[in-house]
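Quick mapping for you: the protein sequence lines, in order, are chains A and B.
First residue of the first sequence: -1, per the numbering used here; consecutive thereafter.
First residue of the second sequence: 30, per the numbering used here; consecutive thereafter.
Wrong hints could be hidden among the right ones.
[To be verified] 25 Å max Cα-Cα, derived DSS-like pairs, lysine-lysine:
{"no.": "1", "chain 1": "B", "residue 1": "87", "chain 2": "A", "residue 2": "18"}
{"no.": "2", "chain 1": "B", "residue 1": "78", "chain 2": "A", "residue 2": "39"}
{"no.": "3", "chain 1": "A", "residue 1": "53", "chain 2": "A", "residue 2": "18"}
{"no.": "4", "chain 1": "B", "residue 1": "87", "chain 2": "B", "residue 2": "98"}
{"no.": "5", "chain 1": "B", "residue 1": "71", "chain 2": "A", "residue 2": "12"}
{"no.": "6", "chain 1": "A", "residue 1": "39", "chain 2": "B", "residue 2": "71"}
{"no.": "7", "chain 1": "A", "residue 1": "18", "chain 2": "A", "residue 2": "39"}
{"no.": "8", "chain 1": "A", "residue 1": "12", "chain 2": "A", "residue 2": "53"}
[Claimed, not checked] Computed far set for chain A versus chain B, every beta-carbon distance over 10 Å:
{"no.": "9", "residue": "4"}
{"no.": "10", "residue": "59"}
{"no.": "11", "residue": "80"}
{"no.": "12", "residue": "81"}
Since the hints were derived computationally from the structure, they do not count as laboratory data.
Quick caveat: nothing in here was measured; it's all calculated off a predicted structure.
For every residue, glycine included, the Cβ atom is placed at its ideal position computed from N, Cα and C.
For reference, the chains in residue letters:
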Amino acid sequence: GAVVSQHPSWVICKSGTSVKIECRSLDFQATTMFWYRQFPKQSLMLMATSNEGSKATYEQGVEKDKFLINHASLTLSTLTVTSAHPEDSSFYICSAFGADSSYEQYFGPGTRLTVT
Amino acid sequence: AQSVTQLDSHVSVSEGTPVLLRCNYSSSYSPSLFWYVQHPNKGLQLLLKYTSAATLVKGINGFEAEFKKSETSFHLTKPSAHMSDAAEYFCVVSDEYTGNQFYFGTGTSLTVIP
Chain A
-1 GAVVSQHPSW VICKSGTSVK IECRSLDFQA TTMFWYRQFP KQSLMLMATS
49 NEGSKATYEQ GVEKDKFLIN HASLTLSTLT VTSAHPEDSS FYICSAFGAD
99 SSYEQYFGPG TRLTVT
Chain B
30 AQSVTQLDSH VSVSEGTPVL LRCNYSSSYS PSLFWYVQHP NKGLQLLLKY
80 TSAATLVKGI NGFEAEFKKS ETSFHLTKPS AHMSDAAEYF CVVSDEYTGN
130 QFYFGTGTSL TVIP
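The task is simple: from the sequences and hints, build the whole structure.
Given below as structure tokens:
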């Protein structure tokens, strides 16, 4: 149980376009999901906390108008990178608290975004 | 404030020898501690977790970690390294005070020499 999926696993887009990444909890309902960003050979950086039915909470320094988060259902959160630039190229990972636990996060496999 | 320090950015061991990856944490409340492994271009896999039960925690693939409150440490060990253990390892701390938000260490890259 507690499986989290992400789609797509890998995406290439051109500068100026927008890209949407989906994060789904496959076998449980997730009221809270998290979005992380990871640069090569670096640790994960929390971008925002996504709460079902309400606005996301962004970490300091993360542009909320650039990284749009929507948590419209208990099993789906989306991250849209708007007007992407090469510096947005990164590995994006989502996670969620499992249904049986509010202290352990289950991680998705990540999405590799490359902006050309 | 919550934080994690992974003392070694890179560890290199020979196959069949013990592995020690060090982690020290800072937490104002009773922490939950985790070790995750990440293989290249892959997501995170949970190795083991400590959540106020037994202080010696056994995880998958022969890994274990011991929670030492007096030393604020949660070091990861394995008796005998395997080639497949080569990966990036992250120590994570969380606690209820911060809504169980995860605080990641900077990671330790483990190389296993054949």
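Do the hints match the structure? See the list:
no.: 1; hint: B:87 x A:18; in the structure: violated (38 Å)
no.: 2; hint: B:78 x A:39; in the structure: holds (23 Å)
no.: 3; hint: A:53 x A:18; in the structure: holds (17 Å)
no.: 4; hint: B:87 x B:98; in the structure: holds (17 Å)
no.: 5; hint: B:71 x A:12; in the structure: holds (24 Å)
no.: 6; hint: A:39 x B:71; in the structure: holds (12 Å)
no.: 7; hint: A:18 x A:39; in the structure: holds (24 Å)
no.: 8; hint: A:12 x A:53; in the structure: violated (28 Å)
no.: 9; hint: 4; in the structure: violated (8 Å)
no.: 10; hint: 59; in the structure: holds (16 Å)
no.: 11; hint: 80; in the structure: holds (24 Å)
no.: 12; hint: 81; in the structure: holds (26 Å)
Of the numbered hints stated above, those contradicted by the structure are hints 1, 8 and 9, listed in ascending order.
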